[in-house]
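Chains as they are written, first to last, in our numbering: chain A, 898 to 1285; chain B, 898 to 1285; chain C, 898 to 1285; chain D, 898 to 1285.
Derived by calculation from the structure, the hints in this document are not laboratory data.
Hints may contain errors.
No copy is singled out in the list; a pair is fine if it fits within one copy or between any two copies.
No more than 20 Å apart at the CA atoms, straight line, and that leaves these computed lysine to any residue pairs for SDA-like [unchecked claim]: (1) K1181 with S972; (2) K1041 with A1115; (3) K1095 with P1077; (4) K1041 with E1131; (5) K1095 with A1156; (6) K1146 with A1215; (7) K1272 with R1199; (8) K1181 with Q1024; (9) K1181 with D1142; (10) K1146 with A1072; (11) K1041 with P1231; (12) K1181 with A979; (13) K945 with S1152; (14) K1146 with L1217; (15) K1041 with T1116; (16) K1041 with Q1031; (17) K1181 with N1136; (18) K1181 with V1227; (19) K1146 with G1208; (20) K1146 with H1163.
Each chain, letter by letter, is given below.
Number of protein chains: 4
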Amino acid sequence: MSLKSVATALAHYTAPFRRVRGSSLGRLVVLVLGLLAMTALTIPDSAKSASGWLIGCLWFCFAYFAVEGASRLRSALQAQNAAAYLLSASGLVDLLAVLPVPIALACGVSQPTAWLFACLWILKLAQNSPSFAQLGRVFVLEAKPLASVLTLSLMILFLTSGAMYVLERDQQPVAFGTLPDALWWAVVTLTTTGYGDKIPITYLGHLLGAFVMVCGIATFGLWTGILAAGFAAESRRRNFIQTWDLVSKVPFFQSLDQAAIADITHRLRRIEVPANTAIIRRGKVGDCMYFIAEGEVQVDVRPQPVHLAAGAFFGELALLGDSIRTANVVTTRPATLLILDLADFRTFMAQHPDLARVIESEARRRVSENERLRKIHELERPGRASPM
Amino acid sequence: MSLKSVATALAHYTAPFRRVRGSSLGRLVVLVLGLLAMTALTIPDSAKSASGWLIGCLWFCFAYFAVEGASRLRSALQAQNAAAYLLSASGLVDLLAVLPVPIALACGVSQPTAWLFACLWILKLAQNSPSFAQLGRVFVLEAKPLASVLTLSLMILFLTSGAMYVLERDQQPVAFGTLPDALWWAVVTLTTTGYGDKIPITYLGHLLGAFVMVCGIATFGLWTGILAAGFAAESRRRNFIQTWDLVSKVPFFQSLDQAAIADITHRLRRIEVPANTAIIRRGKVGDCMYFIAEGEVQVDVRPQPVHLAAGAFFGELALLGDSIRTANVVTTRPATLLILDLADFRTFMAQHPDLARVIESEARRRVSENERLRKIHELERPGRASPM
Amino acid sequence: MSLKSVATALAHYTAPFRRVRGSSLGRLVVLVLGLLAMTALTIPDSAKSASGWLIGCLWFCFAYFAVEGASRLRSALQAQNAAAYLLSASGLVDLLAVLPVPIALACGVSQPTAWLFACLWILKLAQNSPSFAQLGRVFVLEAKPLASVLTLSLMILFLTSGAMYVLERDQQPVAFGTLPDALWWAVVTLTTTGYGDKIPITYLGHLLGAFVMVCGIATFGLWTGILAAGFAAESRRRNFIQTWDLVSKVPFFQSLDQAAIADITHRLRRIEVPANTAIIRRGKVGDCMYFIAEGEVQVDVRPQPVHLAAGAFFGELALLGDSIRTANVVTTRPATLLILDLADFRTFMAQHPDLARVIESEARRRVSENERLRKIHELERPGRASPM
Amino acid sequence: MSLKSVATALAHYTAPFRRVRGSSLGRLVVLVLGLLAMTALTIPDSAKSASGWLIGCLWFCFAYFAVEGASRLRSALQAQNAAAYLLSASGLVDLLAVLPVPIALACGVSQPTAWLFACLWILKLAQNSPSFAQLGRVFVLEAKPLASVLTLSLMILFLTSGAMYVLERDQQPVAFGTLPDALWWAVVTLTTTGYGDKIPITYLGHLLGAFVMVCGIATFGLWTGILAAGFAAESRRRNFIQTWDLVSKVPFFQSLDQAAIADITHRLRRIEVPANTAIIRRGKVGDCMYFIAEGEVQVDVRPQPVHLAAGAFFGELALLGDSIRTANVVTTRPATLLILDLADFRTFMAQHPDLARVIESEARRRVSENERLRKIHELERPGRASPM
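With the rest of the complex left out, here is chain A (with noise of 0.2 Å):
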């Protein structure tokens, strides 16, 4: 029992890994191998002395990311649309991954330099990723106050860079000459990055630095506070949209009607899980109940464990009584759970009382169904005692 508990362990604390499929780790270490070749290329120690083991590297990183943009465009040829992949955001990757840098070396380019471009590589990280697309639609719909902010914080660089450089120019002529040097200056200190290349030191000068860095605070928190309701928005809007498809495949909710379900969408957390994961441990206190939109699940009870598949609920019994979990729960294949709140449970249980008696009944089946289980196999092994 000590070594399955020692592998759960493990299990859990390796799931978030297990979620990477093979080949996109594979993408990964090659992604990783090529800019460690190229940033050591830019090291003259490692350069003089594995210059050919760096740059054969770097080949190879090369030929498997042209291999890769390669099969895409052949797909895109066959589905004839060529010109829309190479116009999208996963073309434009595929080609900077690929063109610069034997350009660069047709063009006379010295190696080290020419292979500078394979920083361009590490755009595959966003290639394929819903996320980005999110984050993209944030500054979408903000654009216009982030506008204004950003055309705010351009009004006080140049009016306080114009002020900073009659003010100091006469005490240090080398550090505020010129306009553009009070400009540098000024979004050093906007965005309180304050390198202290060159700081004022006339007292006007003092005053006005104070109130340059007010306003980069203030800037600052308009921008947080712009981009924060942006992001809440629309985090709640994707949360339903990936929700609400699988609420459909979960009988239970069926009954419902069209407001009742647009209701539990909202309410509703979808997490995927890796096989052979822990979703519940016996003994930790229960908030929230669990339906198997896809996947299985093995409930380790007494005598022998359980499985449910999709469709089913577990983990009510926490939230209808005693908060303690009973038995340990695990995924025996890859699933997406639909995770309900304790708060919401009571919420929405109040307000669809037959749904609540579903659950209830359910919940009491299952209980004296293990009861009877338990009881029979106590019966047949009288002569050992059965620790809960």
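With the hints as your guide, set chains B, C and D onto chain A.
Relative to the frame of chain A, chains B, C and D by itself:
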């Protein structure tokens, strides 16, 4: 077909820029030109070699803004509210753009210094911008808590700089020799700018410095929190006001009572689209439907495209069943659209089953009409396969 | 008419300052004077030339605050709660403003050093400020998660400074020679202040430094997120409490039941306006209506202005049909107004059609009354055109 | 009476500290002592003069944590889940606190260096803290968007450092001579830390640097926005779960149906108060009422105080009519209270008029009972005035 899709993709990427009208584009060019010339004039090298050109350029921009301001003043005079105009924000910006440079030159200030007042031209960016009004409103509505945070910062500044002056003045008589020195350190530290020109070196000084930095983050967090809360409320309010009038122009919503109209207005999102821009692209996943408040769109269905004018809706098919878009939709004229997201569509339609029925019957009608037309079309041209 | 509009505009711009009452303005002047004198005393030049004047000035401010504190103590003594006053925040501020300087002088501390305790006068800014109580409440309510973030920061600080000390002590024995040195570096980096006095130079040190910076942004984001959530809740709560009493003073709302009053209280926003301030300006776009909770306003309609007292409402015309304001509205006495935004007006009126009817009939009555009066007026003065 | 009010005020100010129980206070003292000794050991001066004392102190702290860990391990062994304990977060912290130092000493590492592992003791702060679990949940729930922001930052880092390396390597071969140098600059700038050890000096470098700083603020804003949205949701959820059980203990709410209980649970706020702490102070403005979930309070009414036990409510008078508190309320034992704010009181009572009636009749009963008792009391002691 390949060329056409390239054109569509280009039109898609350039859409945001085509929204800028010609007149404001010209104005922007003049503004950028003026600011660049003014900046270049402060650099000794360029000022020596191209002084004449730069000053000529500045006079041209000056003339542009003078004419602009004069024409606005004339129309204000004709409307007999010249005083109101001059005291308004817009009038003030016009005055600040035109008056300071000639006054400075008349007072005998040297050319390069006098032209520094051209910095004020950047204020032109804020003129006539509704988003600035929105930012300003947030500051006004949240004035009291923001003032409290500023006061709190001021208190921290004074108390900590007094303490730091006592702690460090003997160790570092140059850096912390006077209270204004310590105040400058406190401002630079509290805003987490951290120039590094004045740094405590005693143990107690380090402790106090750490305290000031943590205070800086705390006040910063408060500031951001206040602005985030204020901006979210203001943003909701503004969206409602802009959308309300448009909703009344869509016949589809006219059967709703007042409460339902207020509800749907909260849910709709308004976008303005220039002509010849793709709204929907075939094959993409759809998660919203559109109502046309103003303008016209063209749906590229076979055998011939359908035109939809103000008051019509489209994109509803993706919300009713299959979520893949079945046709491209492109604007033929600048249009204002109202977007209803999937989440809100489901919720709203569940509460208004009659509207849901209207949308569904219209969707069915369109599908069958389209089917019928395509069959006729295929009968007419039997010799050619029709790839869909 | 031009002079009058200038006066109105000036009244508009100066409104926020006229809110400050005379007594608190005088107090503010004394405070600023005292702090300036105290600051000047630490500058060797000014201390040498004007020492007498500065110390005289400081004694004057000291006397002012001493009298103020004494009068407060006397009234507390009369009310027999002197102990409660001295232990309250306000009493503590009064004690800290008066006691330290004489005690320091009595202990033989030199004049300029003793007067540094005048820094404590800045605490007077917080005395009697309700907004500070609000900020304090947010910190108290969110104390647990904020403490967790502080603990998290502390853990990051100790672990990373220990690691950095090991990594860099051999390379930079001066900068990272002791653990307190490394801790100072960690604080400066985690808060993203970045003085630049201690900078890692090894590769591993750079990696660890980058990790600390990213942790700094993460903990900062958590901190801001907690305060933003807490402030939004507190702000809603405070607005309700302030508005509730005023709502009951407006007869218009007295027909509502408790639930509807609680609803409208959440929607209304309270503002305080000094006398002779323009609330509505003719020709502007209107997006809200006003209820007068206290004070009086004057509506500038022809032929003679109408006065509206507490309990009346105005600005409703812009919400019912045309959105352009048709008359100026100016306060004649300091007034407290309740603002109902367009969005909330629509939603609330849809739920309470009887109130909507009251507002509409009142609006119709006003328009016709105004029309009737103007006709009489024009009949009486037939020789003069009436521009509206 | 003066002494008593001083005692009350002191009890009020020390309330937060009295919440910490004795055992955890002792643990905190040991932790602080150990960390201080470990820090002092790295300072050459103190290490030379007091080395023996410091190491003795460290061994004492080590023994304390070893005993603590051992006792936890023993109870885990008794419960037959030792493996689960050792692999849990708490077990890991115990292992890290005890194992590294002896292992390092056994491996021949010098005393001061081996004791650096005592840094790990700071992890003890996180042990058994529910708030940390809450912070962790926010990170887990928002993992996808946070990962996107990190990826975005990584992309900006690589692309800009590559570009900066090209731009500056010829001008500043020492500062920007290798790509890792440029990467370090990019991290320091993107997080707006700004040490100032590497600063671009070319015009294009300045432009790129400004771009990186603005990107830093943008990604920072996104990060904060995501955490703010996640924290607000998690905070609501946690409050519900904590309050739900307590609500069922208050008889007053037992007549409510499930939906109303879910509703009031969202509105109530839970606080824990140590014994002898003032909850309400006479003469203050009241804006909430209290339900006692656990513990006991004493209401200081004349002629003799009233004791209220779990299930009772108080403070309702201030919400019904006059908002000034009429009596002090002090806890006599540690209590858990549920707070209902004025805003929620009004809204909830409007929806549940029967509960409003219960509260009002109880309030009337208390006032008349109190009045009756005071009259009897005054009749009994006619010779003394009774100041209220």
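Failing hints, ascending? Of the numbered hints, 5, 10 and 13 do not hold.
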